[in-house]
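Chemist: So the chains spell out like this:
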Amino acid sequence: MRGSRGGVFQRMLPVLWLVVGCAAGSAPSADDRSAFRFPADTFAFANQTIMEYEIDPVTRDVSWHPKEKTPEFALRCGAMARAARQFYSVARFDPSAPAADDQTYEHLIREVLDTDPRHPPNQRVVIPGYHDLRDLSGAHASLLQAMLAGPWETYLQRGNWRMIFPFRPDQQQQVAGHLLDELARGWPPIVHVLRFPERTINHLVLVFAAEQTPAEIRFRVYDPNDAGHPVELVFDRGARIFSYSATSFFPGGPVKAYEVYDGWLY
Amino acid sequence: MGGFTRRGKAWVALAFLTLGSEGCVTGHLFDAALRREQPVSYHDALVDGDRLTLGYTALVTTDSGKVLARKERRAAISLTALRRHDLPVEAFPVEHLADDAPLTGRRLAIAAQDGEGGAPAYLETEAAPDGREMRFVLHDSGGGPYAPFYSNALTRTSTALWVYPLLPVGAAADLATFPILLVFFPVVLLVGD
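Listed in order, the protein sequences are those of chains A and B.
So that you can map any letter, position 137 of the first sequence is 179 in our numbering, and since no number is skipped, the others follow by simple counting.
So that you can map any letter, position 33 of the second sequence is 282 in our numbering, and since no number is skipped, the others follow by simple counting.
Honestly, the hints are just simulated from the structure, not real lab data.
Among the hints, a few may not be true.
As the list claims (entries may be wrong) - So, partial list: chain B residues that the calculated Cβ filter (under 10 Å) puts toward chain A: (1) F279; (2) Q287; (3) T310; (4) L336; (5) V338; (6) E339; (7) Y399; (8) T404; (9) L430; (10) F434; (11) G441.
All of these numbers come straight from a predicted model, not from anything done at the bench.
Ideal Cβ positions, reconstructed from N, Cα and C, are used throughout, including at glycine.
Just chain A, same shape as in the assembly:
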């Protein structure tokens, strides 16, 4: 009986290998893409928060209450980070071509958003009349906001299962190393930044560059909540922890981070 179970296990090894292989994920190759540029490859508009945040300047404690008027375009950090990478990996902007009508842009944007966010196709979607995503989204903000998925895409992000489990320092070190590898391959990783079970931050951002010093790795991040400036996600090599910059909604400080839209598990 034991022998037969061992046999079953051995027969399953190739399957397990495949599963683990898939789980590890592999970044698509950079092909002919140039590096992700801020602000050119980001949206001209920002995701709005539904809360008003108040950060104590001394204690850095944060409190929040609902905004008087609920913003229409909110809770889209996941949808925006996902879409920014899809445009980066799939769209080719042709500013020399004449601008098209709204219907054509709607069709082209749909084509981009329908691609696999983990494994983009080799074929490019050509978007005429604009230099980049910043240009397009400035001119067609309402259309893009309507076409980006609702908050459900962030709530139902596949990798959300991971957030409830603890993160060890060595795991965070692996994440930092993996992010560097992805950037070296020309693939901007999407990262879930959180504190759990605290609720001070639960956010999806896109990492597009990194600067290494002996003490830290400073990742430059496109935060969908801030269309104007890149933000920093810093990995402290000594403490093996990530810290997120102070923003209008977060006082700054240690966070946990892991990559999403990466492999079938995340």
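Here the structure of chain A is known, so what remains is to put chain B in place on it, guided by the hints.
Modeler: Relative to chain A, chain B alone:
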């Protein structure tokens, strides 16, 4: 030698899976009890043979960065290691000393950046925008040149003792909740984007 019954095996398997999941509840209990210390300022620096002994004030924080206390700490680092420019912070050898360990050797002046250029031997510190002394360079005509030393190499972590009596409760909660998570996990993968 009778081995486990079927029910016993199921419990063992469940316990292994729970441990494999790193214990959602117990893990977060440990996170809540984690105490992290990093230097904010140096007040003693002495060269003793091949060692630089440091006295410093460390900031004690929780895992999420909330400041709890300040502590006076001591540590020693090897001058041989300090001469190397290729040692990353995470691999830098540091000897954490007892808080009352004697400070012996040749005492050095400690100065902010460019503040003590004329002295034959001194510790030049550099502060971060928030005031923490994030690194120093040892200047000593007798033994240099030395590479910058980054304060986060002195990071210490510990666990608050209150967590240990809570562990049985945490483990029981993990055993109870893990099967539920296990059931929902495939659903999340199927439905999730």
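Chemist: Taking the hints in turn, state whether each one holds.
Modeler: Cross-check of the supplied hints:
no., hint, result
1, F279, "7 Å, holds"
2, Q287, "7 Å, holds"
3, T310, "8 Å, holds"
4, L336, "8 Å, holds"
5, V338, "4 Å, holds"
6, E339, "5 Å, holds"
7, Y399, "4 Å, holds"
8, T404, "4 Å, holds"
9, L430, "8 Å, holds"
10, F434, "6 Å, holds"
11, G441, "3 Å, holds"
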